[in-house]
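Chains as they are written, first to last, in numbering that gives the first Met the number 0: chain A, 0 to 239; chain B, 0 to 239.
Any given hint might turn out to be false.
Listed below are the simulated DSS-like cross-link pairs for lysine-lysine, each with C-alpha atoms no more than 25 Å apart in a straight line [to be verified]: (1) K140(B) with K140(A); (2) K119(B) with K1(A); (3) K140(B) with K119(B); (4) K1(B) with K1(A); (5) K140(A) with K213(B); (6) K1(A) with K140(A); (7) K1(B) with K119(A); (8) K1(A) with K140(B); (9) K140(A) with K119(A); (10) K119(B) with K1(B).
Some chain A residues close to chain B (C-beta under 8 Å, calculated; not the full set) [as the list claims (entries may be wrong)]: (11) D69; (12) I85; (13) D147; (14) V154; (15) I171; (16) D239.
Only some residues are given here: those of chain B computed to face chain A with a beta carbon under 8 Å [said to hold, decoys possible]: (17) D69; (18) E153; (19) I206.
None of these hints come from the bench; they were simulated from the model.
By construction, the Cβ of each residue, glycine as well, lies at the ideal position given by its N, Cα and C atoms.
Protein chains: 2
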Amino acid sequence: MKNHVRALVFDVFGTVVDWRSGVARDASAFLQRFGHAQADPLAFADAWRAQYQPAMEEIRSGARPFTRLDVLHRENLLRVLRDFGIDPATVPDGELDHLNRAWHRLDPWPDVVAGLTRLKSRFIIATLSNGNVALMIDMAKHGGLPWDAILGAEVAQAYKPMPEAYLRTADILMLPPDQVCLVAAHNGDLAAARECGLKTAFVARPIERGTGQKIDLAPEQDWDVIASDFVALADALGCD
Amino acid sequence: MKNHVRALVFDVFGTVVDWRSGVARDASAFLQRFGHAQADPLAFADAWRAQYQPAMEEIRSGARPFTRLDVLHRENLLRVLRDFGIDPATVPDGELDHLNRAWHRLDPWPDVVAGLTRLKSRFIIATLSNGNVALMIDMAKHGGLPWDAILGAEVAQAYKPMPEAYLRTADILMLPPDQVCLVAAHNGDLAAARECGLKTAFVARPIERGTGQKIDLAPEQDWDVIASDFVALADALGCD
Chain A
0 MKNHVRALVF DVFGTVVDWR SGVARDASAF LQRFGHAQAD PLAFADAWRA
50 QYQPAMEEIR SGARPFTRLD VLHRENLLRV LRDFGIDPAT VPDGELDHLN
100 RAWHRLDPWP DVVAGLTRLK SRFIIATLSN GNVALMIDMA KHGGLPWDAI
150 LGAEVAQAYK PMPEAYLRTA DILMLPPDQV CLVAAHNGDL AAARECGLKT
200 AFVARPIERG TGQKIDLAPE QDWDVIASDF VALADALGCD
Chain B
0 MKNHVRALVF DVFGTVVDWR SGVARDASAF LQRFGHAQAD PLAFADAWRA
50 QYQPAMEEIR SGARPFTRLD VLHRENLLRV LRDFGIDPAT VPDGELDHLN
100 RAWHRLDPWP DVVAGLTRLK SRFIIATLSN GNVALMIDMA KHGGLPWDAI
150 LGAEVAQAYK PMPEAYLRTA DILMLPPDQV CLVAAHNGDL AAARECGLKT
200 AFVARPIERG TGQKIDLAPE QDWDVIASDF VALADALGCD
């Protein structure tokens, strides 16, 4: 595979960055400032993330035109605040916007920058995230992620796992799908990419959802590459 | 301006890279291999570039759906070959494809990498070129251009100087137009950007069209910044 593939495209939330700790960090500061210091910031992060798929599903189903993730996150945030007993109307807009941008400030897993830097010497490396472009740019600047390009749902105007998200990304790269490899920590994402003809690389992130994580602990298909982290992925793909 | 602008978006052909020398270099090798060593490769580059605006105009006018620049370049190449007395049917497709990708292998002007690296520490830096994404990615890898994102005509689905090219780029960055500054060596591009509310920076490239260049030697409006090259631009914008 490694001599045929030209581009590696990456799932980001969970695969590249640790969204749960990052969101909880900012939620913790927010909850303290707004008199809810007793609330569990990890539960807040989980509750916010739980709204992610249903919000995109409205768009995937065609019930709503394509809307970038920052907007969905902001709508979902209002719901989560209410569930945590905070009336969003009592919070200044600037504070809500700042908290919403917690997703822009997520830290990469410790192996990511070293791995991506090596992978970049041999492959095009690009995002293929449901996160929007501005979010991905801020995150890359925050974490020093050396992407060649920011692609994904907003550029493709389709949320994963819709086939258009993968196929339009390959088309923009002017590559046949089998010269593009999705790197992801999620079996479902990889399965959808494989259906579209992309190559697949699984990198386990066993604490993405905390120490009690039950899903995506192991590969569920014979993915083209299976690696323990991005440095091991660079090794497996023959990068210096 | 420098404390208000968040993103610098760059014209690329002429402003960032020296398309004329680069295309001529590859055309020279091609013309020699196909028995036309007497042809002038700079004239070949100029003739190819002369087809650029008319090809895009067909799309801007709505007569043709959006088509990426690599496709237009390839069509234009066939015309230029015929004008130079070469029957494209006698040239293997792979050779034509390789020559067409001369635009992917253009070298940056000598000040570009140093200037962009400094600008990147303070601003989002992104392409806003009529060149397509795959072309821009290859060029960035070839020349070591440290873009934060590859944006432009293909992502906006509109060719400059259509307003949509500038306004959709600002929208994708989630910035109001006046927090985005176009950097370009072409007064016409800057004028169109200013009409859309973007800030403007002029960097003269007085030999883009050769030593006899007659246009774009000087700023034609009071652009927000005027700099002699990208290092001077970084100085003017207060970048370390």
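Now for the hints, and whether the structure bears them out:
1. K140(B) with K140(A): holds (18 Å)
2. K119(B) with K1(A): Answer violated: K119(B) to K1(A) is near 32 Å, above 25 Å.
3. K140(B) with K119(B): holds (17 Å)
4. K1(B) with K1(A): Violated: K1(B) and K1(A) sit about 44 Å apart, past 25 Å.
5. K140(A) with K213(B): violated (40 Å)
6. K1(A) with K140(A): Violated, at about 28 Å.
7. K1(B) with K119(A): With Cα atoms ~32 Å apart, K1(B) and K119(A) exceed 25 Å; violated.
8. K1(A) with K140(B): Holds, because 19 Å separates the two Cα atoms, which is no more than 25 Å.
9. K140(A) with K119(A): holds (16 Å)
10. K119(B) with K1(B): holds (13 Å)
11. D69: Where the cut-off is 8 Å and the nearest Cβ of chain B is about 7 Å from D69(A), the hint holds.
12. I85: Cβ of I85(A) sits 25 Å from chain B, so the hint is violated.
13. D147: Holds, because the Cβ-Cβ distance from D147(A) to chain B comes to roughly 5 Å (cut-off 8 Å).
14. V154: At 6 Å from the nearest chain B Cβ, V154(A) passes the 8 Å test, so the hint holds.
15. I171: holds (5 Å)
16. D239: Interface hint status for D239(A): violated (15 Å vs cutoff 8 Å).
17. D69: holds (7 Å)
18. E153: holds (7 Å)
19. I206: violated (29 Å)
Violated hints for the displayed structure, listed by number in ascending order: 2, 4, 5, 6, 7, 12, 16, 19.
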